Amino acid sequence: MPPARSLAQELAAKQREISVAEFFERNRQILGFDNPLRALLTTVKEAVDNALDACEEAGVLPDIRIEIVKEAGDRIHVAVDDNGPGILRREIPNVFGRLLYGSRFHANRQSRGQQGIGISAAVLYAGLTTARPARVTSKVEEEEAAHVLDLLIDTQKNLPKVVREELALWDRPHGTKVELFLKAKYQRGRQSPFDYLKGTAIVNPHARLTLVEPDGTRVTYERVSTEVPPLPKETPPHPYGLELGELGYRLKSSNRPTLAECLTRDFAGVSPRACREVLDQAGLKGKEKPADLHGDALEKLLAALHQVPLVPPSAESLSPIGPMLIKRGLRNVLGEVRPDFYAPPVSRPPKVRGGAPFAVEVGLVYGGGLPADQPIQLLRFANRVPLLFQQGACAITTAVQNLDWRRYGLDHKGGTGLPTGPCLVLVHVASTKVPFTSEAKEAIAEDPEIDKELTLALQAAARHLKTHLSRRSRREFAEEKFAIIQKILPKLAAKTSAIVHKPIPDLTPVITKIMDIVNVETTVSPDSGRVAVRTEVTNYTPRARVLEVFLEMPREQFASGSFSPTPDGTDAELGRAWWTLEKLVPSARTTVTVTFPKGTEVETSDLSWYIAGIDEGHVLGAEPQPGDWDVRLPRAVIEAAEAGLEPDPTTEEQEVDYDAAEGSAKVEDDE
Amino acid sequence: MPPKGARKSKTTSEERDGAIRVDALKPTIDLASEIWSQLDRGEIPRMRLPLRTKQNIQFQMREGVWRLGRALGTRSARKLDGALMLLRTFYLIDFINEMARDGKTSTLRELYYISEGWEESKFHSEDESNLLIEDLEVMCERLREDFRLHPEENGASIIGDLTLRETNRKGMVKKFNCRDDVGDGGYSLPFNVEKEKIEFVSTGAKFIIAIECGGMVDRLAENGFDEQNDALLLHLKGQPARSTRRFLKRLNEELKLPVVVFTDGDPWSFRIFASVAFGAIKTAHISQYLATPAAEFLGVTASDIENYKLPSDQLTEQDIRALQAELTDPRFKTTEWRSEIELMLKNGKKAEQQSLAKYGLNYVTETYLPEKLTEMGVL
Chain A
1 MPPARSLAQE LAAKQREISV AEFFERNRQI LGFDNPLRAL LTTVKEAVDN
51 ALDACEEAGV LPDIRIEIVK EAGDRIHVAV DDNGPGILRR EIPNVFGRLL
101 YGSRFHANRQ SRGQQGIGIS AAVLYAGLTT ARPARVTSKV EEEEAAHVLD
151 LLIDTQKNLP KVVREELALW DRPHGTKVEL FLKAKYQRGR QSPFDYLKGT
201 AIVNPHARLT LVEPDGTRVT YERVSTEVPP LPKETPPHPY GLELGELGYR
251 LKSSNRPTLA ECLTRDFAGV SPRACREVLD QAGLKGKEKP ADLHGDALEK
301 LLAALHQVPL VPPSAESLSP IGPMLIKRGL RNVLGEVRPD FYAPPVSRPP
351 KVRGGAPFAV EVGLVYGGGL PADQPIQLLR FANRVPLLFQ QGACAITTAV
401 QNLDWRRYGL DHKGGTGLPT GPCLVLVHVA STKVPFTSEA KEAIAEDPEI
451 DKELTLALQA AARHLKTHLS RRSRREFAEE KFAIIQKILP KLAAKTSAIV
501 HKPIPDLTPV ITKIMDIVNV ETTVSPDSGR VAVRTEVTNY TPRARVLEVF
551 LEMPREQFAS GSFSPTPDGT DAELGRAWWT LEKLVPSART TVTVTFPKGT
601 EVETSDLSWY IAGIDEGHVL GAEPQPGDWD VRLPRAVIEA AEAGLEPDPT
651 TEEQEVDYDA AEGSAKVEDD E
Chain B
1 MPPKGARKSK TTSEERDGAI RVDALKPTID LASEIWSQLD RGEIPRMRLP
51 LRTKQNIQFQ MREGVWRLGR ALGTRSARKL DGALMLLRTF YLIDFINEMA
101 RDGKTSTLRE LYYISEGWEE SKFHSEDESN LLIEDLEVMC ERLREDFRLH
151 PEENGASIIG DLTLRETNRK GMVKKFNCRD DVGDGGYSLP FNVEKEKIEF
201 VSTGAKFIIA IECGGMVDRL AENGFDEQND ALLLHLKGQP ARSTRRFLKR
251 LNEELKLPVV VFTDGDPWSF RIFASVAFGA IKTAHISQYL ATPAAEFLGV
301 TASDIENYKL PSDQLTEQDI RALQAELTDP RFKTTEWRSE IELMLKNGKK
351 AEQQSLAKYG LNYVTETYLP EKLTEMGVL
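In the order they appear, the protein sequences are chains A and B.
If you use this note's numbering, the first sequence corresponds to residues 1 to 671, in order.
If you use this note's numbering, the second sequence corresponds to residues 1 to 379, in order.
Simulated from the structure, these hints should not be mistaken for laboratory data.
Wrong hints could be hidden among the right ones.
As the list claims (entries may be wrong) - With a cut-off of at most 27 Å between alpha-carbon atoms, the simulated DSS-like pairs for lysine-lysine come out as follows:
{"id": "1", "chain 1": "B", "residue 1": "Lys79", "chain 2": "A", "residue 2": "Lys502"}
{"id": "2", "chain 1": "B", "residue 1": "Lys170", "chain 2": "A", "residue 2": "Lys502"}
{"id": "3", "chain 1": "A", "residue 1": "Lys466", "chain 2": "B", "residue 2": "Lys79"}
{"id": "4", "chain 1": "B", "residue 1": "Lys104", "chain 2": "A", "residue 2": "Lys491"}
{"id": "5", "chain 1": "B", "residue 1": "Lys122", "chain 2": "A", "residue 2": "Lys502"}
{"id": "6", "chain 1": "B", "residue 1": "Lys195", "chain 2": "B", "residue 2": "Lys170"}
{"id": "7", "chain 1": "B", "residue 1": "Lys122", "chain 2": "A", "residue 2": "Lys491"}
Given the structure is predicted, the values throughout are model-derived calculations rather than measurements.
All chains should be modelled from the sequences, with the hints used to inform the complete structure.
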């Protein structure tokens, strides 16, 4: 139908006339350039995200420097340079000077940048606001000199225009530097480049990041990990979550000779057996040419692919940060506020939604210099990129708010909004396809699968917090008692003895009555080049005790440890050892030592102590032995050892505490 | 500790002055002895003492004073606060005994600073130290003056025909008359007004008039009211200090002199009278030494404001709240007081003593007081 075709062409021609400049103007907000403050942040963010991605793809530990200089008027000069692999001369104009150009859009793996809008949008914004070209310096290892290109974007054609070019010597062996002049404004604070960099440093502990602020202040986050995160494997798409159009496109562009081969090779999770089942259900033979499938057949194929159980998508295309690095990253950046507690970070196993694997990770930090009277700080990340805007519209925020934090020891007024307390929560969602609420990639969209994982991860982290808080309050309780027996009681005895001219009595019985606990305390100290973890068990109860203690620790550490005294039993597979301690009379103490080879990274929290033979209310520093452990010594052994022990003293009758009595000694003075 | 203070009932001044004062500090040594024995027996040290909570302070209708009830609290070394208070108690007792050996006394404020050397048991405010001293008063059934602790002098004074003997700080005994041997300021009361310090020799007075403001004391003295009417003029100086109340009680009990209280006509002055006559909540544990239940209120009453057409001010909101609180105060439960308070609330007016000057400088001594005192049967 020639006329219709020409009309379509006419329309197409008209459509092309919408220049990228207009497109940009209409979409400033979603692109992140709607005001001078945000324009700067977006520019820095896009450049740094690209630099990090480039370094990781090349297996290089990133060393990225951002310099922001204030120029005349409201102009700012931004320079971001990295030690990545560099960009080939012929690719430079396309990477920086063309919207929607990128290598990662079709790659089915987790990466920071996805759509290929970012950095070229910044170049476009810079050109539109200052008419100055962007300068890109890039050097690849094989070449002697760096290419320096000044380029603008031709807003009519969406094509890069190189306005000046030269070769220059550069001190980096390889890397890329982009410099932009743009209308922008710099200030510290929320949603600033500073905040963004801080967040980036936490989740990229392998990167060294330097920011030079307009006033000359230099902030450097040194790397605390020397491992480049393993590059996520690029995997073929998984049929779950696939839509008809994309299935058709994949089949059409396949060069496999048969449909069966195409299904098993070009898609993830389709085993030959599953393939057979799918074909049977769809009424296909499998010998068809992939490109020949249309219409009804295509739809039947898709339905079958969604029905037949397939191997779930592999998580190899993900690069979660991992518990250890989350902790290191948080320590690195939060070191100065000296938090009391870093909860063991939670890394949930990857799950799948809509054919894309995703994984949720949560880190939680409590106490120290974090403000106690304000809402908790929530740091959101998607694929290792900090999310600084749209907090209220983000699925992460919703999940945090929906958890009843009161159950875990935080103030949470009415159980709505963010809880209050000296607490910081980090949430990272990694996925090959993060469902953002908009192109601006500022918030994650609500999704039942993701929400479920977020909730589970947050609950796990919150449980750690609760344990910490309850341990802390028990520790404070014990500290109070230690203060009484160590500082006050000896003085009280000395004072009264002096007043009545009598000798100071033996305080042991009083001390054990006041404390009435068995204290288990672990300290780590170097021991002639090795690392010794000493655990002291002290019987501060008024009766003799026969106790069993159980140690549990990570298997690798357990294997390298040596124990003194020799345990009564061990289970290397589970990392457990146990002892029946010698009989401890009141105030007596015994020590169990675990020694590790020099340089072993071990913290007191790596060792979990459990105890049996005493009511848990009378123990500090150890938990009761879990019921499912099958190592309990014969009851008869304990009973024989305990034979003849005096019974527990009866507790005193309930009395009014004079100094805590309501209104005591506080009566209104009407004199 | 046997629960003392609470159970002890009527100790009159005479009893105090006899046996108990022989060794004022013995009870403090007994406290130390008790705690030492507890430690020696392996018990957690503790003391039991009457609670000074509002619920445990009751107005004894029969005796007409505030007294502590029977509820006891425990101060135990099982808890940090309790342990700290026990330790402080013995630092305090040690200090008191040291002062006794050295023949020194200390102001309450000085004691607070002395505690700087007590390490973790030092006081964090003077309120804290004052409260512990009160605890010790309760436990030992002694007054803080017995412990050689006293507030700064507050300058309350007396004028009139009263001859007394005072043992001064150098141990010399001086005898003088509070009208003939003193200046215009009268005899200034020391903080310790106990018998070993002040002995009453003789008096020509027939009654005591306790007065709130210095200006009115001066007016009465200048007009020669004390001589013409055989009165002792005691300056209360606002809310009277413990020593002033104790002194008044001794005059009342030992010299059998009736006491009338002459204050402004407002709710706060009613409370001055109440603390003189019935004791105060804060000193409920020593009401038997401080309260003078025989004291009578002279004025200015609400009816005086009307009857004498005195210049007056409007009651403020605070005044009204204070009056309403007094309606529920057991000390004001008598019919007379209720009608006075209700009348003041109804009229909404208060007046100062010195507003009587409306009718000239002699009006108070020539008309108002003679009329009121006759009405009360004192003159």
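Here is what the structure says about each hint:
In summary, the hint linking Lys79 (chain B) to Lys502 (chain A) is supported, as the alpha carbons are separated by about 25 Å, within the 27 Å threshold. With a CA separation close to 36 Å, the supplied pair Lys170 (chain B) and Lys502 (chain A) exceeds the 27 Å bound. In summary, the hint linking Lys466 (chain A) to Lys79 (chain B) is supported, as the alpha carbons are separated by about 25 Å, within the 27 Å threshold. Pair hint Lys104 (chain B) plus Lys491 (chain A) holds up; C-alpha atoms about 25 Å apart against a cutoff of 27 Å.
A distance of roughly 25 Å separates the Cα atoms of Lys122 (chain B) and Lys502 (chain A); the hinted pair therefore holds under the 27 Å criterion. Note on Lys195 (chain B) and Lys170 (chain B): the hinted pairing holds, with a Cα-Cα distance of about 17 Å set against a maximum of 27 Å. At most 27 Å may separate the alpha-carbon atoms for a hinted pair to count; Lys122 (chain B) and Lys491 (chain A) meet this at roughly 13 Å.
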